[in-house]
Amino acid sequence: MLFSGTVQIDAPRARTWAFLIDPDKVSSCGPGVESVEIIDAANFKVRAKVGVGFISAKFVVNMTFAELTAPDKAVIKASGQAPGSAVDAVGSMLLSGPPEGPTTMDWSAEVDISGSLAGVGARLMEGTANKIVGQTFDCIKAKLEG
Amino acid sequence: MTTQHVSVTVNGEVREADVEPRLLLVHLLRENFGLTGTHVGCDTSNCGACTVHVDGVSAKSCTMLAVQANGSTIKTIEGMANGADLHPLQQAFWDQHGLQCGFCTPGMIMQSAWLLEQNPDPSEAEIREGISGNLCRCTGYVNIVKSIQQAAQQMQAAESAPAEPAAAS
Amino acid sequence: MIPAAFDYVRPADLDEVLGILRDRQGEAKLLSGGYSLLPLLKLRLAQPELLVDLRDVGGLDGIVHTDDDIRIGGRVTHKRIQEDEGLARSLPIMREAAVGIGDPQVRNWGTIGGSVAHADPSSDWPAVLLALGASVVLRSAGGERVMPVRGFFLDTFVTQIEPTEVLTEVRIPHPARNGGGAYKKLERRAGDFSTVGVAVQLALSDDGRIASIGIGLTAVADAPFAATEAEKVLTDARPGNEVIQEAAAMASKQSKPVTDSHGPADYKRAMVAEMTTRAIRAALQRAGA
Amino acid sequence: MTIEMEPQTTPEVGGMGHSVKRKEDPRFIQGQGEYIDDVNLPGQLWLDIVRSPYAHAKIRSIDASEALKIPGVAAVITGKDLEGYKLHWMPTLAGDMQMVLPVDTVMYQAQEVAAVIATSRYAAADGVAAVYVDYEPLPVIVDPFEALKPDAIVLRPDKGPDKQTNHIWHWESGDEAKADAALAAADVTISQDIYIPRIHVASIETCGCVADWDPVREQLTLHMTSQAPHAIRTVLALVAGGAGLPIYEHNIRVKTHDIGGGFGGKVPVYPGYVLAVAASFLTGKPVKWIEDRSENLQADSFARDYHIHAEMGATKEGKITGLKVKTIADHGYTDAAADPSKFPAGLFNVITGSYDFDNAFVEVDGVYTNKPPGGVAYRCSFRVTEAVHAIERMVDILAHDIGKDPAQLRMENFIQPEQFPYTTPTGWEYDSGNYGAALTMAMEMIDYEGLRKEQAEKRERGELMGIGISSFTEIVGAGPSHTFDILGIKMFDSCEIRVHPTGKVLARIGVQTQGQGHETTFAQIIAEELGFPVSDIKIEYGDTDTAPYGLGTYASRSTPVAGAATAIAARKIKEKARHLAAHLLEASADDLEWTNGKWSVKGSPDRFKTIQEIAFAAYTNHPQGMEAGLEAVDYYDPPNLTFPFGSYICVVDIDKGTGQVTVRRFVAVDDCGNIINPMIVDGQIHGGLTMGFAPALYEEITYDERGNNLAGTFMDYLLPTAMETPAWETGKTITPSPHHPIGAKGVGESATVGAPPAIANAVVDALWHLGVRNIDIPMTPQKVWKILHEKGVAP
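Protein chains in written order, with my numbering: chain E, 1 to 146; chain C, 1 to 169; chain L, 1 to 289; chain V, 1 to 795.
Extracted from the complex, chain E is given alone in its bound form (with noise of 0.2 Å):
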């Protein structure tokens, strides 16, 4: 699955750039994050809980900065696992605009689900995947605007 978007946010390049690298402030956007674990520079662990209403399920996120070129793109890959099930994403984030702002981020996902949630879930996942996904860049925005 595939998805992309683009978020004006209200803030200076640098400041924005600073918030994607920085594990604890990233990962504080990411979709039910309950701790995170800094292993080292590039990687980082994190535990969450996934879902929608009251469906979900608690992942263990292997997350990796596969790409970072300041100040404009970042590329982070995560792995994450729950029981029967695993998530595979690759999200980019390319930034534009002046320095002081505001900051353009174009952002893409592809997000691969394997196991049971693709399966007995499947009726449910695209429209569950985009929507996690989106909220995590608005969250973003949020966070960098507030």
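Hints in this document: simulated from the structure, not taken from any laboratory. Beta carbons: idealized from backbone N, C-alpha and C, even for Gly. A few of these clues could be false.
[Unchecked claim] If you want the footprint, here are the derived chain V segments under chain E, 3+ residues with CB under 8 Å:
hint	segment
1	48-54
2	133-143
3	712-724
Dock chains C, L and V against the given chain E, drawing on the hints supplied.
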């Protein structure tokens, strides 16, 4: 693990157990009470092999918790025959070859019994609708429909026959 | 398939339920018929800490025709709705929708309140209630609010119900004179979730125009919704093939189906048009057009 | 409509031709059947399985620490643990290797990754949820054509340096040069791609077992739900022997109990069985494993998945002259087909069907993909369904192409009754048939002429109605020992009959009922042969300690093989009874004749001894020099297969607005030779028809590009309910098998084989005028609607 006390009347007998709240009714019947005539087929409430009567209403016992049934009266396939006398549906399934592997049969009979309580003289379409929550992989349903028709006729004939003197109840 | 562990309570009355919901906000999940919830628990797609069973709660199982509206208690089963002669006379759409839900066992136990509160994006009642312009009554320890169903369904499994609230009643306005309604459900096989479900309730004016119309759609978006653009096309229109088709096209356009095992999105969009057409025609016929 | 066979025995005896009520039913209708999940042993542990979410991935690590903290969880077994016992791989019935648990790589979504052993079903499930497996996803191949590309990753590097390819095997049959020449010379040639998708037998009872290793007695008892208990015992002994475990075949007892439907899905050995045995061996306690429905649909062996390209040649009048078929068979990550070893594509080369022509060539290539093992039969005899679908679709396309009625074209191409025994261009010898009679009966039953008129009228009005025919020939009864074996074990079958002194009979058979009614029909064979009433005969099976070795029940082989063994064993008893009777009657054995359960002196019908009197004498008054007792065993090696056949006609209506297909009528005329129990035969046909109807319109296991199974519950794997299933109309003709002792053929699968093309042909017939030549099954509303939409058909 916290447990809760469950007391149910199964086939006329009071049965009790201390169970986890998540215990499925079908497991209470099968594993706590040893009533293995009720079967699990699909786990998702599609196949009806686990059909029993809870307070006189047909239910899929794999989609009900044992604690939900606490205080209820339950009837299972084991309670259908009256001693050596088969229930007319049991007899009809036998007569009409309404079963093959027999796995769906208890649920099918329980659902049919409920259907005939609701509608003693169903049309073929009403029978097919009435058992649409029960899947059979062996029979192709033709002989199940015939079985239910036979039972309906017999039960109606018995109903209209002059009642034998019986103890008032 | 075995659910994860949870606690279970079966309160004796509504006040007790509301107290538990207040005290255990976010942890408690209400259990009505269970036929939607238990499969999700068994698949471990939902793992609530506490189930609050409404089975012993009285006063939620009436079908009452008041001067203002028809009131259906949250614990009324699909089967009771299917069999209620009064409802069948005044709102045949209710029986038509009820008989298509799940299978007989599901209808024996599944309740309208449970179904509406669960808000599965493919469930049938929400579409019907949207078409009927119904409201739901939400009760909490703090009081009661009545909310129109238009605006109630927010998202997949998400409604306006607060974690402290119980959906106690569905209120349906009496049908207008010269009214008629129909629910057309396309399913792959008996007992399946809808591929598309379309509910239409309309009323004709004395000169044969469509005085009012509600169209509810299910299974073709994140949540059931009212096909408002289609309603606009038909309101005050004189029924005819062209305008019906235009409305059906608007309904199709307003839907946002996803591709899944029920079919690709383009098929579902086409089926919205087809089932909308059929539902409008059936509703018109029942209204005496 | 039925051509009746006159029973030779009284209803009280209940021999062949009587609709004897089933002896097994009283326990089933009272909830007293004993299925595998009803078996519980003292001290039993539960096994549940951690499964892979990925269709292809490396296992970096498995962390069971959280699972082991859960109260009741006793152990977690991984592939590395099994590797220590050399139990991490096991042979499949096709001679390939399958993982019990992976050591480092998972090959399909829902593959077994670890086993949790716990004191309860619930604790085991909690343990499964708590095992954390760290995976590294690998590229996934779900399409066999992708798998065959030269640059495709090799899915089975373990196969040795010469087999670094996803191609498993090539198999061919017939004469390619002659087929090519026939096609080149034909007035008319047609070609068509046909895909027959993956489907799943989905018996309502899932698979499972209770393994019980008794370390003191060194005895393994495996309670299970298997169609082939003896073969399972042998495979277990081989696996244990390979692993150096002290478990030998004489100390293994496989016991099957009642089986809630098999249909081919309970022939293979699944990893769960081996895991339960290993867990019982390790713990010294009984271990129970019961699949849930998702595991059953996601991980058990599948059927079909054949990509067929067929070409057919004919004269302009429609006489078929040649056939060429190329097929890609998707076997998933391992070839676990239960096919006889000489037939890697099963009996697919019976593809020339009911038609008389000389030139045919068939080739099949097996391919590995990241899917679960494929190749179980789904209620048919080793790929005959695929073959019948292809030929019946091709014949229909030919008829439509040359503008000839499909019934007429079939009639003109049928092998004629006088041509039997008939040898096909791919080498099968059909035993007997009268195809025209069956089709004629079906046409009369359904009023074929009237339907064609109705169709023409409806087409004028723009309504879509179709009529489809399938005149199939089945091939069942594997099989003759010179060609048929599984893992080297010849496909004979067996019966042992013991007549007790009081004239009561115990018979044990090597086959295994899963609902077919063996306890009744095998008793009827003995009743027919020996005159004991069915009520005096008990049939046992499924306990390898007591039943004679047999290959089990699948491929409709029970009646053709074990049924023959039963008749022959009975005849051995009858012969001994003759000598006993001669002794009792003080007559010469040569002067006796057999009628209705007694031996009598020729010409003196009042001088006789009943079989019951003879049975008593066998233990009380047998002549000097004769062994006491009245018993016989027969291991029957059939001289040929049997070839049941039939003609089916189906009428469909199509909803132009939604693409929904409704089967309005379906007439099935079957010929399975002599009939043992007409009621049971009809029931078998009803069930078979429904399992043909289901994949024609509803059932399909689909995968997304990541190898996720998208039909993993009955919410999406759609079994038909009583609402959709047509009210089947059946008829019979009777053409006995000339080589079978009682003239019978198999019947359990005919209808599953014959029904799908009848339905497909009907749907295509409804749409042919729009330019539609083929629709692959399942013909779902979305698929049919897409065609209508593309063809511009207004709702």
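Checked hints:
Judged by the Cβ-Cβ criterion of 8 Å, the segment 48-54 of chain V is covered by chain E as claimed, because 4 of its residues qualify and three suffice. Only residues whose C-beta sits within less than 8 Å of a C-beta in chain E count toward coverage, and the segment 133-143 of chain V has 4 of them, enough to reach three; the restraint holds. Look at the segment 712-724 of chain V against chain E: 4 of its residues bring a Cβ nearer than 8 Å to a Cβ of that chain, three or more, so the hint holds.
Checked against the numbered hints listed earlier, the structure breaks none of them; every hint is satisfied.
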